[in-house]
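There are 2 protein chains.
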Amino acid sequence: MKQENQKNYVNALYLQSGGPTSVINASMKGVIDGFKDNSSGNLYFSLYGVDGLINDNIISLDSLDKSKLRKLEKTPGTFLGSARHRLKPFLEDDHEYLKILEVIKKYDIHLLILNGGNDSMDTGYKLNEYFKYINYPINVVGVPKTIDNDLMITDHTPGYGSASRFIVSALASIYLDNLAYRNGKINIVEVMGRDTGWLTASCVMLQTLGMEVDLVYIPESSFDENDFLVRVNDIYARKRRGMIVVSEGIKNSDGDFVLNNKATDSFNHVQLGGVGSYLANLITSKLNIKTRAVELSVLQRSYALQASNVDIEEAYTAGYIATLGKEFNVDGMVSFTREKNYSLNYSFIPFAEVANKIKYLPLKYYDEETKQIKKSFIRYIKPLLGSLKDFKYPIL
Amino acid sequence: MKQENQKNYVNALYLQSGGPTSVINASMKGVIDGFKDNSSGNLYFSLYGVDGLINDNIISLDSLDKSKLRKLEKTPGTFLGSARHRLKPFLEDDHEYLKILEVIKKYDIHLLILNGGNDSMDTGYKLNEYFKYINYPINVVGVPKTIDNDLMITDHTPGYGSASRFIVSALASIYLDNLAYRNGKINIVEVMGRDTGWLTASCVMLQTLGMEVDLVYIPESSFDENDFLVRVNDIYARKRRGMIVVSEGIKNSDGDFVLNNKATDSFNHVQLGGVGSYLANLITSKLNIKTRAVELSVLQRSYALQASNVDIEEAYTAGYIATLGKEFNVDGMVSFTREKNYSLNYSFIPFAEVANKIKYLPLKYYDEETKQIKKSFIRYIKPLLGSLKDFKYPIL
Numbered sequence: 001m002k003q004e005n006q007k008n009y010v011n012a013l014y015l016q017s018g019g020p021t022s023v024i025n026a027s028m029k030g031v032i033d034g035f036k037d038n039s040s041g042n043l044y045f046s047l048y049g050v051d052g053l054i055n056d057n058i059i060s061l062d063s064l065d066k067s068k069l070r071k072l073e074k075t076p077g078t079f080l081g082s083a084r085h086r087l088k089p090f091l092e093d094d095h096e097y098l099k100i101l102e103v104i105k106k107y108d109i110h111l112l113i114l115n116g117g118n119d120s121m122d123t124g125y126k127l128n129e130y131f132k133y134i135n136y137p138i139n140v141v142g143v144p145k146t147i148d149n150d151l152m153i154t155d156h157t158p159g160y161g162s163a164s165r166f167i168v169s170a171l172a173s174i175y176l177d178n179l180a181y182r183n184g185k186i187n188i189v190e191v192m193g194r195d196t197g198w199l200t201a202s203c204v205m206l207q208t209l210g211m212e213v214d215l216v217y218i219p220e221s222s223f224d225e226n227d228f229l230v231r232v233n234d235i236y237a238r239k240r241r242g243m244i245v246v247s248e249g250i251k252n253s254d255g256d257f258v259l260n261n262k263a264t265d266s267f268n269h270v271q272l273g274g275v276g277s278y279l280a281n282l283i284t285s286k287l288n289i290k291t292r293a294v295e296l297s298v299l300q301r302s303y304a305l306q307a308s309n310v311d312i313e314e315a316y317t318a319g320y321i322a323t324l325g326k327e328f329n330v331d332g333m334v335s336f337t338r339e340k341n342y343s344l345n346y347s348f349i350p351f352a353e354v355a356n357k358i359k360y361l362p363l364k365y366y367d368e369e370t371k372q373i374k375k376s377f378i379r380y381i382k383p384l385l386g387s388l389k390d391f392k393y394p395i396l
Numbered sequence: 001m002k003q004e005n006q007k008n009y010v011n012a013l014y015l016q017s018g019g020p021t022s023v024i025n026a027s028m029k030g031v032i033d034g035f036k037d038n039s040s041g042n043l044y045f046s047l048y049g050v051d052g053l054i055n056d057n058i059i060s061l062d063s064l065d066k067s068k069l070r071k072l073e074k075t076p077g078t079f080l081g082s083a084r085h086r087l088k089p090f091l092e093d094d095h096e097y098l099k100i101l102e103v104i105k106k107y108d109i110h111l112l113i114l115n116g117g118n119d120s121m122d123t124g125y126k127l128n129e130y131f132k133y134i135n136y137p138i139n140v141v142g143v144p145k146t147i148d149n150d151l152m153i154t155d156h157t158p159g160y161g162s163a164s165r166f167i168v169s170a171l172a173s174i175y176l177d178n179l180a181y182r183n184g185k186i187n188i189v190e191v192m193g194r195d196t197g198w199l200t201a202s203c204v205m206l207q208t209l210g211m212e213v214d215l216v217y218i219p220e221s222s223f224d225e226n227d228f229l230v231r232v233n234d235i236y237a238r239k240r241r242g243m244i245v246v247s248e249g250i251k252n253s254d255g256d257f258v259l260n261n262k263a264t265d266s267f268n269h270v271q272l273g274g275v276g277s278y279l280a281n282l283i284t285s286k287l288n289i290k291t292r293a294v295e296l297s298v299l300q301r302s303y304a305l306q307a308s309n310v311d312i313e314e315a316y317t318a319g320y321i322a323t324l325g326k327e328f329n330v331d332g333m334v335s336f337t338r339e340k341n342y343s344l345n346y347s348f349i350p351f352a353e354v355a356n357k358i359k360y361l362p363l364k365y366y367d368e369e370t371k372q373i374k375k376s377f378i379r380y381i382k383p384l385l386g387s388l389k390d391f392k393y394p395i396l
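Protein sequence lines, in the order shown, are assigned to chains A and B. Counting from 1, one number per residue, gives the positions in the first sequence under this note's numbering. Counting from 1, one number per residue, gives the positions in the second sequence under this note's numbering.
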């Protein structure tokens with residue numbers, strides 16, 4: 001922490017964007033602490049993401065009851081509220097940009113911190129370009145956040161470790177539950193992941209707990225129903241039970257979602273969910289095998305009681321470092337580089353390198369023959385999860 | 001613990017029966033410790049419940065790797081395997097009874113301990129009656145276990161507190177998740193409970209966390225779709241979000257399950273699941289309001305990472321006390337009586353008082369006007385859950 005007279009005078013504004021994670025509020029705490037340590041001036045918060053910025057729904061840190069901030073690192077949801085709002089390109093329509101500029105001027109903001117995923121980094125990119133275009137002196141900084149782990153460049157994203165840790169803990173519980181009867185079920189566990197299999201791939205950690213996942217399906221590899229049924233039949237004949245982990249966004253060989261559903265959100269994403277139930281029904285009707293579909297649903301991103309300490313710490317640090325954006329005179333997203341023995345380097349990368357882009361799970365981690373995640377993925381994911389010893393259970 | 005020469009010589013056999021809970025293995029640990037402290041002789045375990053007893057699938061405590069027993073209290077699932085197997089009345093068909101008797105004689109068992117719910121206590125009842133009928137000197141003792149909390153006489157059942165604690169923790173996470181957007185969703189959380197609303201009623205604890213559950217539906221009260229839709233419409237208009245908690249076994253005014261599904265298990269129970277999705281689809285199609293159905297599924301009974309310490313302790317003690325069945329020359333199920341300031345008394349009650357019977361949630365705890373659980377239920381359930389301070393989150 002700096003002496004008062006060494007602190008940089010700046011007013012900053014922080015907002016949360018996109019879907020909640022277990023640790024986005026840890027980043028908020030990092031922003032608060034980083035700002036207090038290194039800056040004088042006021043820290044403001046926009047409520048409901050960029051909506052608050054457009055509509056002047058702004059509060060200051062000083063107005064917040066301090067007792068509410070104490071547990072912020074371990075609080076799920078988005079404490080300030082969020083939004084999924086896509087700004088139009090400002091050269092086409094600068095209507096909302098002008099409203100934002102008015103608010104930025106009103107509070108004399110010169111550091112804007114957006115905490116979100118690849119859609120939110122699109123907002124960061126557009127605002128950054130706009131402010132440069134009109135020559136307004138403000139630094140725009142992004143703090144990464146997404147359970148999907150699909151941001152380019154950065155080794156991983158805050159939120160991913162905690163969601164994966166919950167998934168592994170849930171799979172371990174479901175695995176033991178399914179050992180109860182001599183004839184068990186085929187459990188199909190549906191995991192979030194519209195475009196990528198990062199979250200699903202975390203199931204490989206069950207190997208380190210002495211448990212087996214029989215089949216894994218991810219959006220990066222095409223899904224074939226007949227092949228699937230042959231495999232399930234064989235697994236059940238052999239073991240009288242089984243565990244299948246599947247991403248919500250798996251696609252067939254034509255590139256269509258296995259479960260088709262027409263509802264879309266404002267980013268034109270198809271709203272999914274339920275492919276696990278679909279596959280369970282398929283197995284029961286075609287093979288007459290008992291199944292259970294379990295959809296981990298929003299608990300993956302919100303069960304902060306099982307958040308990874310490593311993830312909390314990194315999310316906090318990313319927020320802390322973002323507050324130095326003015327001092328370093330930098331724009332862009334805080335990014336992680338992994339060094340030897342899992343020490344992380346933090347740097348800033350241009351928004352253009354992450355906005356709207358998707359980092360897929362490399363297929364080197366997926367075994368197309370066995371439909372399983374390869375052991376080599378353990379080395380990537382293990383350090384993100386914290387200790388799993390609490391769910392290393394004895395098995396008879 | 002007794003001196004060796006004060007110990008009662010007896011061989012005992014313990015088995016697990018019915019669905020898993022987070023704490024049934026804590027009862028097993030109690031049985032092991034109670035037996036070691038107070039008895040000489042051998043302790044045996046039947047694998048896969050009464051199936052192991054019929055088919056001589058028996059192991060001894062001495063044959064078990066001791067390191068596996070160390071974490072038993074916190075291990076979900078049924079460590080020994082379980083079964084749902086209904087014995088026929090022995091006067092009609094004593095085929096399986098004769099096979100069981102052979103195994104009991106082979107291992108010279110004079111104390112039989114069954115750990116399970118009301119179906120398992122039916123097995124205890126029938127075996128107890130059979131052994132009396134043939135005048136075979138054995139005590140048959142039950143250790144209660146069911147997340148459903150639907151056993152007669154006993155104040156509550158081991159497993160219920162932990163399942164409820166997980167439900168409350170999950171609801172708190174889901175509640176915060178749903179605060180993210182200015183326009184939230186109607187979340188419908190489906191909780192286990194084929195016949196009774198005990199588990200669902202645990203949602204009343206959200207009041208103590210500063211959170212609201214808007215509507216609650218339990219099997220003990222009939223469900224009306226039109227009334228439901230009117231209420232949901234009103235809630236969404238007022239709050240732009242909502243939380244509804246519903247038992248899987250809710251019924252309409254004709255007494256039929258709201259979600260009809262013809263599959264049945266060997267006890268002729270209808271296999272349920274999915275009523276939350278059904279209601280969510282109903283809301284979306286009739287009211288055009290965004291919904292999300294979350295089925296807590298098997299995590300309710302298997303997410304031992306969130307087990308209640310009080311529940312673990314009581315499950316352990318119930319197992320421990322069961323090992324005294326021979327010494328006290330008693331048959332029947334260990335039962336809890338609640339005294340002032342929540343001290344528990346443990347006693348034995350006849351199997352006939354619990355076998356096949358169902359204890360419903362008293363309707364004094366349900367407000368038919370508001371479709372909510374009354375505050376008075378907090379006094380009943382709170383002591384079973386352990387401290388909830390970890391999920392008392394700050395809300396802006």
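Worth flagging that the hints you see were computed from the coordinates, not collected in a lab. A portion of the hints provided could be inaccurate.
Pairs count within a copy or across copies, as identical chains cannot be separated in the list.
Under the rule of at most 25 Å between Cα atoms (straight-line distance), these lysine to any residue pairs were calculated in the SDA-like manner [as the list claims (entries may be wrong)]:
#	residue 1	residue 2
1	Lys68	Lys392
2	Lys66	Lys389
3	Lys88	Thr284
4	Lys7	Tyr278
5	Lys392	Leu282
Please work out whether the CA atoms of Lys392 and Leu282 approach to 25 Å or closer within one copy, between two copies, in both situations, or in neither?
neither (32 Å within a copy, 41 Å between copies)
When Cα atoms must be at most 25 Å apart, do Lys7 and Tyr278 count as within-copy, between-copy, both, or neither?
For Lys7 and Tyr278, the Cα distance exceeds 25 Å both inside one copy (58 Å) and across copies (57 Å).
With identical chains treated as interchangeable, where does the CA-CA distance between Lys68 and Lys392 reach 25 Å or less: within a copy, between copies, both, or neither?
Between. Shortest inter-copy distance 11 Å satisfies the 25 Å Cα cut-off; intra-copy 34 Å does not.
Intra- versus inter-copy proximity for Lys389 and Lys66 (alpha-carbon distance at most 25 Å):
between (35 Å within a copy, 18 Å between copies)
Using 25 Å as the alpha carbon limit, work out where Lys88 and Thr284 are close: within a copy, between copies, both or neither.
neither (47 Å within a copy, 29 Å between copies)
The structure shown violates the earlier hints numbered 3, 4 and 5.
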